[in-house]
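J.: These are the residues of each chain, in order.
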Amino acid sequence: MREFMHYITNAFYGATGWNDDNTYKELNVTARELIDFPLPRGLRLTLSSLATPHFATSYQLGSIGVVDGSISYLHSTVPLTGVAARSDHIPLPTLLRSYRRLHDLGSRNTGRWGVPKGEGVVDGVEDQCGDSLFYGRLYLPQSLLEGLVVRRFSADLQVQLSAVSERSLRNGGTLLGLIQYDRGKYGIEGLASTDGGLLGFRGLYNFGGDASPPRSPIAGTPVSGGTPTGNNGSGNDQQTAATERERDRIYGRFSAGGEVYYGTLNKSGGTSLGLRFATLPTHRGTPLTTTLTINPLMGNISATYAVLARDYCSLATRMEFNVYSYESEWAVGMELWSNRRPAGFLLGADPRSASAREEHKPQPSPPEPSKKERSFQAKLEWRLDEDDDTKDNEKEAYRGVLKARLDQNLRIGLLWEGRVKSLIFSLGSGIDLRKLDEPFRSLGMEIQFSS
Amino acid sequence: MAFNFNWSPLTADAGFYKRARDLLTTALNKSPKPPIIVDDIIVTEFNLGSVPPDLEILEIGDLAEDRFRGIFKMCYSGDAFLTLKTRVQANPLNTCLSAKPSFTSPQPLAAASSLTIPLQITLSEIKLSAFIILVFSKQKGLTIVFRNDPLESLKVSSTFDSIQFVRDYLQRTIEGKLRELFMEELPAIIHRLSLQLWCPDQIAKEDEEAEESDEPGVNPLATPPLDAVDLHGHLLDPTAISELSLDGGPEAQLLFSQKTLSRLSDITNSQVTSSLDTSETTDVLFRAWAGPDKIDPNNTPPLSTPNLARSSSYASPHTYTFSDNGSQDQGSMSSRPSLVHLNSATAGLSLGSGRHSKAGRKKKTRVVNLRRKAETEPNSEQEDEGTFEDASTGMPASEPTLPHPILEVPEEDPMLSKVRFGRQSPDPQQQQQHTARGPSFRAADAAAIPSADMANLNLSSAAPTPAKSSEKQPQASLATGAKSDLKRPTSSSSRLMSDTSSVILEQAWIMKMAGEIARRVYDEKNGNPPFWDDGRDDAPPPAYEAQ
Numbered sequence: 001m002r003e004f005m006h007y008i009t010n011a012f013y014g015a016t017g018w019n020d021d022n023t024y025k026e027l028n029v030t031a032r033e034l035i036d037f038p039l040p041r042g043l044r045l046t047l048s049s050l051a052t053p054h055f056a057t058s059y060q061l062g063s064i065g066v067v068d069g070s071i072s073y074l075h076s077t078v079p080l081t082g083v084a085a086r087s088d089h090i091p092l093p094t095l096l097r098s099y100r101r102l103h104d105l106g107s108r109n110t111g112r113w114g115v116p117k118g119e120g121v122v123d124g125v126e127d128q129c130g131d132s133l134f135y136g137r138l139y140l141p142q143s144l145l146e147g148l149v150v151r152r153f154s155a156d157l158q159v160q161l162s163a164v165s166e167r168s169l170r171n172g173g174t175l176l177g178l179i180q181y182d183r184g185k186y187g188i189e190g191l192a193s194t195d196g197g198l199l200g201f202r203g204l205y206n207f208g209g210d211a212s213p214p215r216s217p218i219a220g221t222p223v224s225g226g227t228p229t230g231n232n233g234s235g236n237d238q239q240t241a242a243t244e245r246e247r248d249r250i251y252g253r254f255s256a257g258g259e260v261y262y263g264t265l266n267k268s269g270g271t272s273l274g275l276r277f278a279t280l281p282t283h284r285g286t287p288l289t290t291t292l293t294i295n296p297l298m299g300n301i302s303a304t305y306a307v308l309a310r311d312y313c314s315l316a317t318r319m320e321f322n323v324y325s326y327e328s329e330w331a332v333g334m335e336l337w338s339n340r341r342p343a344g345f346l347l348g349a350d351p352r353s354a355s356a357r358e359e360h361k362p363q364p365s366p367p368e369p370s371k372k373e374r375s376f377q378a379k380l381e382w383r384l385d386e387d388d389d390t391k392d393n394e395k396e397a398y399r400g401v402l403k404a405r406l407d408q409n410l411r412i413g414l415l416w417e418g419r420v421k422s423l424i425f426s427l428g429s430g431i432d433l434r435k436l437d438e439p440f441r442s443l444g445m446e447i448q449f450s451s
Numbered sequence: 001m002a003f004n005f006n007w008s009p010l011t012a013d014a015g016f017y018k019r020a021r022d023l024l025t026t027a028l029n030k031s032p033k034p035p036i037i038v039d040d041i042i043v044t045e046f047n048l049g050s051v052p053p054d055l056e057i058l059e060i061g062d063l064a065e066d067r068f069r070g071i072f073k074m075c076y077s078g079d080a081f082l083t084l085k086t087r088v089q090a091n092p093l094n095t096c097l098s099a100k101p102s103f104t105s106p107q108p109l110a111a112a113s114s115l116t117i118p119l120q121i122t123l124s125e126i127k128l129s130a131f132i133i134l135v136f137s138k139q140k141g142l143t144i145v146f147r148n149d150p151l152e153s154l155k156v157s158s159t160f161d162s163i164q165f166v167r168d169y170l171q172r173t174i175e176g177k178l179r180e181l182f183m184e185e186l187p188a189i190i191h192r193l194s195l196q197l198w199c200p201d202q203i204a205k206e207d208e209e210a211e212e213s214d215e216p217g218v219n220p221l222a223t224p225p226l227d228a229v230d231l232h233g234h235l236l237d238p239t240a241i242s243e244l245s246l247d248g249g250p251e252a253q254l255l256f257s258q259k260t261l262s263r264l265s266d267i268t269n270s271q272v273t274s275s276l277d278t279s280e281t282t283d284v285l286f287r288a289w290a291g292p293d294k295i296d297p298n299n300t301p302p303l304s305t306p307n308l309a310r311s312s313s314y315a316s317p318h319t320y321t322f323s324d325n326g327s328q329d330q331g332s333m334s335s336r337p338s339l340v341h342l343n344s345a346t347a348g349l350s351l352g353s354g355r356h357s358k359a360g361r362k363k364k365t366r367v368v369n370l371r372r373k374a375e376t377e378p379n380s381e382q383e384d385e386g387t388f389e390d391a392s393t394g395m396p397a398s399e400p401t402l403p404h405p406i407l408e409v410p411e412e413d414p415m416l417s418k419v420r421f422g423r424q425s426p427d428p429q430q431q432q433q434h435t436a437r438g439p440s441f442r443a444a445d446a447a448a449i450p451s452a453d454m455a456n457l458n459l460s461s462a463a464p465t466p467a468k469s470s471e472k473q474p475q476a477s478l479a480t481g482a483k484s485d486l487k488r489p490t491s492s493s494s495r496l497m498s499d500t501s502s503v504i505l506e507q508a509w510i511m512k513m514a515g516e517i518a519r520r521v522y523d524e525k526n527g528n529p530p531f532w533d534d535g536r537d538d539a540p541p542p543a544y545e546a547q
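These protein sequence lines are chains F and S, in that order. Counting in UniProt numbering, the first sequence runs from 1 upward without gaps. Counting in UniProt numbering, the second sequence runs from 1 upward without gaps.
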């Protein structure tokens, strides 16, 4: 489960129209999240709230033998009005992050809430420049302090500054500065860290698919959010048909990138190169993502493959091989969505009828706020609201997800996440099949409530 | 006398090398490893070789059936070798990021992927030269301390011998680690091994101690405070402080267990601060327990008795008494424990934190007073020696006298000399000496804590051990004599009850005087007065309030 503050930070990116996927760091994120999902440890309770559209708080209390906790605050200069923050309304797939489809590259050209800028939105570029987000978190018994500042300087440029302060760290803390430049077709990042004087540079270049220069003017446009065909010009029927045929084959985007790091103080460095192919949301076949990364210095080759096999099921594999040490690794991950009510049979109710009832019950309440939104922004974005509605319906269908992974050491990770009433829970366990006498390596539960 | 050391039987025992390998492996993996080492360190080969070390006996301090203490000089340049196997992380970025918080991690995609390389290290041609202090007793097992750095040279050969830079680095690092091993780990290993052999029942206790020893212990002797002041606010010069600390190095350090000292410091801290946590300290007799109406003179609490009755110079348990000198000093100095190491026959007499003893080589009565040393007048020193002669004369004073912790207060009051050794001192002069010294630290004590001090330690029933050496004989008889007529000092709390009015007057007067003196001293120092006697009226902690 993503933490609430992480979710809100992503909502901030969404609100300012920043595509946080267009960076080399996120090259293999699809497979990584399907395989390396974090397992909860111990008992953890999170109480969060988006008190005003600009301000969010979150309190966490955990217990792994000892009780610990954290307090965090977030302030955004952009009103996050459209964000579903209440835990009974948060769309589960967004929060629990299933198979991630690529964002369209045109998203930076859209204003708030995905509204295309060309359509006369007033609060466009000007407002994006200077939008900032402040986030701070204090872990209590350890008195570890985390801070994050994100500031958007222009439509293409964003700067992030993150810092950790803790007594046990050298110099009392570390600071990481990250400057991101995203042109859609390519995105580059430069970073500097006080930790060992690390300097880094990474870049990603997209080609093929929607990134390639369109042979037809429409090739790119339908991608940007599944626009209704009515928007496209009238005389392009033939070409549309051609692209449709193309999409019936395989239709996706290639990305290639690399990273270089150098520690100025400890005189160490590292580099890697990567390649990705991912189908675009408009692709009609099975969505898939595959990546290949090479670390030429250390001789490490890693390949991942992730596929959304069904609407409710995605699978991922990863293989690694080191040409110097001949070590190899593999891991598989799976995600299974369910529309059953999670605790239905525990409560003795027929899951179907219960789900039906549930389906009925929340229905009256959500439309009210969204109705308000609609009236508020109706003229501009009826299309988006429609999108939201359909998404909402989809999400209501899913009530829980089971994630599982297995690696070459025969370690199994199981995670069951879902929603009970207005609580989002996450129950996870790590199992080691090699040690059958005490197979449970870890066991944990996380409960999140937000309003 | 002859000793017979066998080197080859060690190697003849088939199980020995396996056991030693296991012990070394666990010792090497115990401490948290640097992130560059990604696997366990396994000792694959270990051989002591055929050349025995040269052992030279420098001194034998103590020799009996069940105990031994001696100093040796050891030289070794044999053919022993040791082979270790582990795996190291070759990607510097990986090791550099692994120990850092993930929040500020640059999160490299694949640049930090790991490359582990198996590493084999052989240590050979070890040359050692060391002074070893060896202490053995049946109860406590075998303790070995290296007095100097034993490692002279050694040869490290590894998988990376072809790379000059790596080889030099390994050589340097391993030499450092090995020094640490010799100085810290090896004594612990040997001690455990000896416990397994002689007293297996202690092992469980040792484990607990090992866990607790992780806490940062406070050794007041090793680290004197920065700005030490004495009772009256005089700054002490560092030399005086260094005199306070124990001489004799590791030998003397053996007397004090780190655990107990840290507990003691916990307790004192809990009095200074508002901490509710008072850790339990064994082998301790609090004055507050020995309240006058609770305990009759001939019956000390059973808890304390067995400990006080033990003998043997090094192996005896340490008994600490608290003398709460309360608010004599300001704030942080308010209650410093005085540690009294009691010993067999002289146990009863070393009572009273103001006293000290000459530390003999064989029979030791050590009083370590942690209070700051005041300028002691020469004649008080003499007096002290005079009074103490009955306890410790005749002993070979091979160690220097510990400095005097007696604190001077010009006024004295016979009423307030509360610690009395019931033995009626025959000549009035000695009585005079008692009273002369007694109030020196008690006057202010009583002013601050009217009743705490009256709870006196009663050690009279501590059974003295039968005298062992002929040298001890006169003392022993004296001590038994002393013991027999050691009486409970008439509790001055009850006395306070009886003639309350005069005592109240006295107290008020003493308080005033002490405050006056302190203020004057303090004024001289910094000229900042009224704060000084604020703490004076503090009520004593409830635990110390005698009824």
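There could be a bad hint or two in this list.
Subject to a maximum C-alpha distance of 20 angstroms in a straight line, what follows is the list of computed SDA-like cross-link-like pairs (lysine to any residue) [stated by the list, open to error]:
#1 267/F / 92/S
#2 100/S / 177/F
#3 100/S / 165/F
#4 85/S / 175/S
#5 100/S / 142/F
#6 177/S / 119/S
Keep in mind the hints are simulated off the structure, nothing from the lab. These figures come from a predicted structure and were not determined experimentally.
J.: Now, for every hint given, state plainly whether the structure supports it.
T.: Going through the hints against the structure:
Under the criterion of a C-alpha separation no larger than 20 angstroms, the hint pairing residue 267/F with residue 92/S is consistent with the structure, at around 9 angstroms. Using a Cα cut-off of 20 angstroms, the hinted pair residue 100/S and residue 177/F holds, with the two alpha carbons roughly 15 angstroms apart. Distance check on the hinted pair: residue 100/S and residue 165/F sit about 11 angstroms apart at the alpha-carbon level, within 20 angstroms; holds. Only pairs whose Cα atoms come within 20 angstroms are accepted, and residue 85/S paired with residue 175/S is accepted, the gap being roughly 17 angstroms.
With a C-alpha separation of about 15 angstroms, the suggested pair residue 100/S and residue 142/F falls inside the 20 angstroms cut-off, and the hint holds. Between residue 177/S and residue 119/S the CA atoms are separated by roughly 17 angstroms; this keeps the pair inside 20 angstroms, and the hint holds.
Checked against the numbered hints given earlier, this structure breaks none of them.
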